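Chemist: Chain residues, written in single-letter form:
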Amino acid sequence: MKKLVGCDKLLESSEKHDIIKESLIKIVGEQWYSDFPEELLIYSYDMTENDPSLPEFVVMPRTSEEIQKILKFANETKTPVVPFISGNNVGGLTIPLKGGIVVDLKRMDSILHFNEDDMYVIIEPGVTFGHLHAFLEKTNYRYCYPFAPPFTSVIANALLDGLNNLSLRHGSMNEWINGIEAILPNGDLVKIGTCCAWGDNYDLWWSRNPMPDLLGLFTSWQGMTGIVTKMAVQVWPRRPIRDWRIVLSFNVEETYKFVKTLTHLEILNDILFMSIETVKMIAGVPYGKAKYLEGEPRWVCLLDFSANTKLEYEAKLDMINTAFKKLKEVDPKANMTNLDVMEKFYGKKVGDIKNLPVTIGPMLEYGGLTWMGTYMTTKTEAVVNGIKTAFDLIDKYRFEKCLYSRSMKGHHYFAFRFLLRFSKLQEGETERMQKLQEELFNSLFELGAFPYKTPARFAKQILKRADPNWVNLLKTIKSTIDPNGIMNPGRWGLE
Amino acid sequence: MGLRMSETEAINKYVEEIYCCTRCGTCKYIYQVYDPSCPAGVKFRFETFYPSGKIHIARGLIEGKIEWSERIRDIIFACPTCANCTIQCQSRHHAQIVEIIEALRADAVSKGFGPLPNQKAFADSVKKEHNPYKEKHSDRIKWAKNLAIPQKDKAEILYFVGCTSSYRQQSLAQKTVEILNKLGVDYIVSSDEWCCGSPLIRTGQLEQVSQLINHNLDLIKSLGVKTVITSCAGCYRTLKMDYPKYTDKLDGIEFLHITEFLQQFISKKKLKFKKGKEFKVTYHDPCHLGRHSNIYEEPRAVLNAIPGLKLIEMPRNRENAWCCGAGGGVKAGYKEWAVEIASDRIHEAEQINAEILTSACPFCKTNLQDAINETNSNIKFMDIVELLNEVII
Amino acid sequence: MEIPDEPDDILGLGIYRRIKTVTEISPDFKKFVNNLNENILLSTDYYDFMIKFKDENFEVTREIENPTIIIKIKIEEFFKIMEKRTSMVFSFLKGKMKFKKGLTKLFKVYKLFGNILS
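Chains as they are written, first to last, in the numbering used here: chain A, 1 to 495; chain B, 1001 to 1393; chain C, 2001 to 2118.
Incorrect hints may appear among the rest.
[As the list claims (entries may be wrong)] Dumping the calculated SDA-like pairs for lysine to any residue here, alpha-carbon to alpha-carbon at most 25 Å:
#: 1; chain 1: A; residue 1: LYS348; chain 2: B; residue 2: ASN1317
#: 2; chain 1: A; residue 1: LYS344; chain 2: C; residue 2: GLU2024
#: 3; chain 1: A; residue 1: LYS138; chain 2: B; residue 2: ASN1353
#: 4; chain 1: A; residue 1: LYS328; chain 2: C; residue 2: ASP2045
#: 5; chain 1: C; residue 1: LYS2020; chain 2: A; residue 2: ILE353
#: 6; chain 1: A; residue 1: LYS354; chain 2: B; residue 2: ASN1320
#: 7; chain 1: B; residue 1: LYS1335; chain 2: A; residue 2: GLY29
#: 8; chain 1: C; residue 1: LYS2020; chain 2: A; residue 2: LEU293
#: 9; chain 1: C; residue 1: LYS2074; chain 2: A; residue 2: GLU254
#: 10; chain 1: A; residue 1: LYS344; chain 2: C; residue 2: LYS2111
#: 11; chain 1: A; residue 1: LYS349; chain 2: C; residue 2: SER2026
#: 12; chain 1: A; residue 1: LYS333; chain 2: C; residue 2: ILE2070
#: 13; chain 1: A; residue 1: LYS289; chain 2: C; residue 2: ASP2045
#: 14; chain 1: C; residue 1: LYS2074; chain 2: A; residue 2: TRP244
[As the list claims (entries may be wrong)] Stretch-level coverage of chain B by chain A, calculated; a stretch enters the list once three of its residues show a Cβ under 8 Å from a Cβ in chain A:
#: 15; region: 1016-1022
#: 16; region: 1028-1035
#: 17; region: 1047-1053
#: 18; region: 1065-1075
Because the hints were derived from the structure by calculation, they are not lab data. Values in this document were obtained by computation on a predicted structure and should not be read as measured data. Heads up, the beta-carbon is just placed ideally off N, CA and C, and yes, glycines get one too.
From just these sequences and the hints, can you work out the full model?
Modeler: Here is the structure:
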């Protein structure tokens, strides 16, 4: 095998390509290597409005050892590396901005261990929410599931601070991580959490405390610091009784107060605060027609709660009813019903909210889906202003006002999101969406909303506005871990 | 956005459907069950081999971002078009996924990148002998040599035998007519039946298709029959689902799969069975009969009527059934790959301790039997007509 | 591939889909609906909308014209019936579901909504 180190500039790009190809094939085998144009094309874009960019190679390793070899080689040759599993992050985060090697991790799809006493499972990156759900259905435990297609990666969403249907109780998904195994850009394998001491014993991955918490070197770094190859995620006992309530309301401030009241009672698993357009979208109203019409309830809340006994269930329901009565006093046309009624009227797609993870077909069937997904303060004024500001902008650009927000971790912070479908077939629509996103970002950031799964172009702007010392620390960490800048380069505005 | 669309390309008919797909991955596994659904995807794992990947290849071709190549041909033709993706996909284009893949195949053929050599041989043989097996047309009903098939010009029903049962899996044809004879059905078999067109439609070789359809329809009309029955899932799918796309001259002709036809006798209790001992049978849904034509319960009704037969289901059954691997020209194009897919199915049948694996399609029989041989399995394969004929009086 | 032509409003969409679902699963209800030549105006505290039955077809629309039956009901009561916290008969007797027109067609309305809401 030819050596590429230090002489890349002297080589013709085709020769360099051949050397990298040869090396990658040696590591993963010919079957799991591709540089065919059609393969590269598919990894060059996703469902979002983010601009496409082609990789040069795709590999599908099966083991941590193979990934160590890939990263060691990429580091020596200064070749960019982009980790990929399903590419459904809605932030364009697996688009290889600087080309290089896409490391598709979907073959690493084993559930390695289930520790029932300490309630965690150890999984590989290719394990999807669907597969974890199927595994846990045979136990008395549950994981959390996002409102996303079942075949997205648990590890990717956990690392990217994704949210889910237990986020009201536990916060974003990174808070469920006990520990990880990761490969650093130089090929070193590290273990973080209690597994740093007893890594070979899967029964001792029970916490990431008490020690300096190095998990932060990987969460929300968008694959810029290494590739996570194993993760222990917490699971929780499944309660035997589970139910849902839907609240239809008209007054934004009173509805938001109702949300706050309920979160403070600490009785719910989850509470969603949505606009009527979101419900219409979920119910299957075609793209472009999910609009608010005069006389309709403007807001819809979904309350998810569970109990161990009938008594506990009834007590919780009683507290929900009391909170709702207070809402009705100030928002007289507000109504509350159960999810079965909604399912009867609108069909299985709405009822499937009970069966997460599910694919919301109508959200995903126009070629384009993106969001302005942020975490923000829970202050009423900020949320209400945020909604008004966002709705005005979405109107200006003629898209649908699908608010899909959620209280996080007992209402310590708020997941403030707008789901935006668009058609990639319609001339100019992708560009129009880019402009809307730009304006949404600028306006909501001013109101205290911080985008998560942040697309590179917004991250760059955040760096300009952020405290320079924070930015310097970020850059120092990045350059220390990844001095050659090979890992998902271009993300977070860091070159 | 610049779309490179030419009127001659079959795929352009599906532009709207192609742009529906966000590659969300739902087509990759059985929805809310999470078992694998796509044989090619599971085997090759790269995104392009999954149904969504093929749709995005189509998009790349339309946008002029990629060019036809032998690898694209292989991706498109390695798919057995089992239509499992059409069930699992939750998006509004789901029903058209197989049509998109078949349109890609038609374009591959018209651009000289397809079909595969063995598939091309189908077309040459069909042109010469009206069957894809290079057999003489004059030998088409040689399988009936020692059987009492009705010798008449007109009847109520035509048994459309199909090329595979006529030349390769002759037992299916023989057992079918034995059953029809036992039931006293007024039927006819024609020596001038031509290939239904399925092997050509499935592999994008559309040049002769209209001619085949016209011939077969003329034949059906000349015989004065109102009902056409077939024991081949491939013929059934083609007659029932494809013919109406090519012609509006079907004039109320009813096409029935033999299991649909037999179920009518069962519901009227007109079948008489021998007494039998208990045996465990599992049923493999042929893709062309199940997902393509929505026939799931009729074969099960036939099996459940057999005394002593205990029908047990494989985990993946009905609309979620794992493909046998023979369809879509894969058996001819990629023989080993076809048997590999079938081997998974044999393993699934073994796991539930079935003694007999049955199905309702000569293609499934060929490939599942090949996989039984390849894996040295002890399971016995019998087509549903073979099974039924043994137990009825 | 067709985009379904359904009402865009949240109440109309629900009623439309429910009628479609019940007609698909109940031949009796389908027969009943096919013979129902009525324009039923549902006047709710959210907004008014009509279910028009004609020539074996039906549509649900916010365009109000020539109602033959007018029913006034609050959405809260609607949900109560759906959740079986009350019955249609009880709602009617308590005056929570009022006929503003077409009281003589009570039986038709009972059968229609009895099937939709059950």
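Chemist: Which numbered conditions among the earlier hints are violated in the structure presented, ordered from lowest to highest?
Modeler: Hints that this structure does not satisfy do not exist here, as all of them hold.
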